[in-house]
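Q: Chain by chain, the residues run as shown.
Protein chains: 2
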Amino acid sequence: MVGIGPGDIALLTQQALAALGDCEVVIGYKTYTRLIGNLVNDKKVISLDMHDEIKRAKLAIKKASQGKDVCVISGGDAGIYGMAGLILELLNKEEKDRIKIEFIPGIPAVSACASLLGAPLMHDFVVISLSDLLTDKELIEKRVRLGCQADFIIVFYNPKSKKRRLLFERIWQILMKYKSSHTPVGIVQNAYRDNEKVEITNLKDMLNSKIIDMSTTIIVGNTKTYVKGKFMITPRGYNLARGKNRRSFTR
Amino acid sequence: MVGIGPGDIALLTQQALAALGDCEVVIGYKTYTRLIGNLVNDKKVISLDMHDEIKRAKLAIKKASQGKDVCVISGGDAGIYGMAGLILELLNKEEKDRIKIEFIPGIPAVSACASLLGAPLMHDFVVISLSDLLTDKELIEKRVRLGCQADFIIVFYNPKSKKRRLLFERIWQILMKYKSSHTPVGIVQNAYRDNEKVEITNLKDMLNSKIIDMSTTIIVGNTKTYVKGKFMITPRGYNLARGKNRRSFTR
Chain U
1371 MVGIGPGDIA LLTQQALAAL GDCEVVIGYK TYTRLIGNLV NDKKVISLDM HDEIKRAKLA
1431 IKKASQGKDV CVISGGDAGI YGMAGLILEL LNKEEKDRIK IEFIPGIPAV SACASLLGAP
1491 LMHDFVVISL SDLLTDKELI EKRVRLGCQA DFIIVFYNPK SKKRRLLFER IWQILMKYKS
1551 SHTPVGIVQN AYRDNEKVEI TNLKDMLNSK IIDMSTTIIV GNTKTYVKGK FMITPRGYNL
1611 ARGKNRRSFT R
Chain B
1371 MVGIGPGDIA LLTQQALAAL GDCEVVIGYK TYTRLIGNLV NDKKVISLDM HDEIKRAKLA
1431 IKKASQGKDV CVISGGDAGI YGMAGLILEL LNKEEKDRIK IEFIPGIPAV SACASLLGAP
1491 LMHDFVVISL SDLLTDKELI EKRVRLGCQA DFIIVFYNPK SKKRRLLFER IWQILMKYKS
1551 SHTPVGIVQN AYRDNEKVEI TNLKDMLNSK IIDMSTTIIV GNTKTYVKGK FMITPRGYNL
1611 ARGKNRRSFT R
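Residue numbers (the working numbering), protein chains in the order written: chain U, 1371 to 1621; chain B, 1371 to 1621.
Any given hint might turn out to be false.
Treat identical chains as interchangeable: a pair holds within one or across any two.
With a cut-off of at most 20 angstroms between alpha-carbon atoms, the simulated EDC-like pairs for lysine to aspartate or glutamate come out as follows [what the hints assert, rightly or not]:
#: 1; residue 1: 1598; residue 2: 1472
#: 2; residue 1: 1533; residue 2: 1502
#: 3; residue 1: 1533; residue 2: 1422
#: 4; residue 1: 1433; residue 2: 1566
#: 5; residue 1: 1600; residue 2: 1467
#: 6; residue 1: 1600; residue 2: 1575
#: 7; residue 1: 1574; residue 2: 1439
#: 8; residue 1: 1547; residue 2: 1472
#: 9; residue 1: 1533; residue 2: 1569
#: 10; residue 1: 1428; residue 2: 1472
#: 11; residue 1: 1530; residue 2: 1566
#: 12; residue 1: 1466; residue 2: 1412
#: 13; residue 1: 1507; residue 2: 1575
#: 14; residue 1: 1530; residue 2: 1583
#: 15; residue 1: 1507; residue 2: 1465
#: 16; residue 1: 1512; residue 2: 1378
#: 17; residue 1: 1594; residue 2: 1511
#: 18; residue 1: 1432; residue 2: 1465
None of these hints come from the bench; they were simulated from the model.
Using the sequences plus the hints, can you model the full thing?
A: Below is the structure:
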């Protein structure tokens, strides 16, 4: 299981490169097999559609059971809303004992987007997917509501799709109810890919953005988040005015 | 600003390697400058103590203002509880215009630990630091309470230090109040470093773990999380029993 990061080959880890170099078969969603195409010219590459995850997972298990060295790739980190879970869920007992599985972490979308916005994630945050195909809308709304009440920074994956636009408006209403309309919002589309777009706006104006779709990640600040030039910053809590270095654990 | 990932050099991205290779000065907490020591033999390396973050940041700004190409390194991702925020906060207007800053994302602890546990982060999650030096205890407790009520997977950074043990027990009491005592808990100490230790236990027994300190990350499951062999899995919501592929957005 290999996380290939947001898209730019320069953001693959050395471990991911080594795994892709060593394997015999690469299986993944076609957008991702295309992104790493040049790295796996000499491999058997199986590209499948967005909604073929179960097929992808079963095929990978079958090939691995036959003794093949298989890389299943995920965009971002295979361990965050990625293919890692499905593979483990589908393994039967015999396969579980026979196949050796390794998870190679990748740069997740949350890190990639934060890096293009400045430093929005210096404090506690939640990550919520707005895809309601595998999660009830009510649970998504509840999570946003409680996330606001706890003053978390909120990161949204998959905010909108062609068929799903109303949920995003409903979520915006919840955010407006609990957070100040001036709360900074960072919006990143196609991070580290062609047509990358980055916007910093505020909660009030968020719905006007033209770059929100399935390839977008949104970061909504907490009560302390502010904008400085082209950067979105959530302070960690240092008392900088007094020049005093309170003991802390920033790494 | 370079995130160096959890510790193993194989988990640096190519972009991070390139930045470290090109720069003149490397500034970081001494544990991290040691981890990447072999990569930056030929550079001026400035290693500072854990609690010298403001000093580190000011020094980096000073060197960069003098025209030096400086890498400030953070463990994991510089953008998640890392050095990115402090640098941006401390920049004055003149420096902000003069210095070109780039943020190179790294594999964050949350990804590194998840990859060693299986697939615990297939659904919405919160990340909470239990360091109470820059955050009020009450706010930390409130976030844990609301995180439980929303049935998030909860990831804890910095769960315990030598001086801070009681807060962790208090947090455990909150978790026990809201979550089942059988909830799977993954505990990873020194991920991808010497003395790496991985445990999968449950909420009831979590306090008995001997590997919880400042170098540990803990992942507490949601109501759906389960253990299969040596793996911790949070299902995404596929209806696998019926063999039906509900449309979804797993990448």
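Q: Indicate, hint by hint, whether the structure satisfies it.
A: Structure-based check of each hint:
no.	hint	verdict
1	1598 / 1472	between (41 angstroms within a copy, 15 angstroms between copies)
2	1533 / 1502	within (11 angstroms within a copy, 43 angstroms between copies)
3	1533 / 1422	within (18 angstroms within a copy, 50 angstroms between copies)
4	1433 / 1566	neither (35 angstroms within a copy, 31 angstroms between copies)
5	1600 / 1467	between (51 angstroms within a copy, 11 angstroms between copies)
6	1600 / 1575	within (17 angstroms within a copy, 47 angstroms between copies)
7	1574 / 1439	neither (50 angstroms within a copy, 39 angstroms between copies)
8	1547 / 1472	neither (44 angstroms within a copy, 35 angstroms between copies)
9	1533 / 1569	neither (23 angstroms within a copy, 42 angstroms between copies)
10	1428 / 1472	within (17 angstroms within a copy, 41 angstroms between copies)
11	1530 / 1566	within (17 angstroms within a copy, 40 angstroms between copies)
12	1466 / 1412	neither (28 angstroms within a copy, 46 angstroms between copies)
13	1507 / 1575	neither (23 angstroms within a copy, 33 angstroms between copies)
14	1530 / 1583	within (5 angstroms within a copy, 40 angstroms between copies)
15	1507 / 1465	neither (35 angstroms within a copy, 46 angstroms between copies)
16	1512 / 1378	neither (35 angstroms within a copy, 38 angstroms between copies)
17	1594 / 1511	between (23 angstroms within a copy, 18 angstroms between copies)
18	1432 / 1465	within (9 angstroms within a copy, 57 angstroms between copies)
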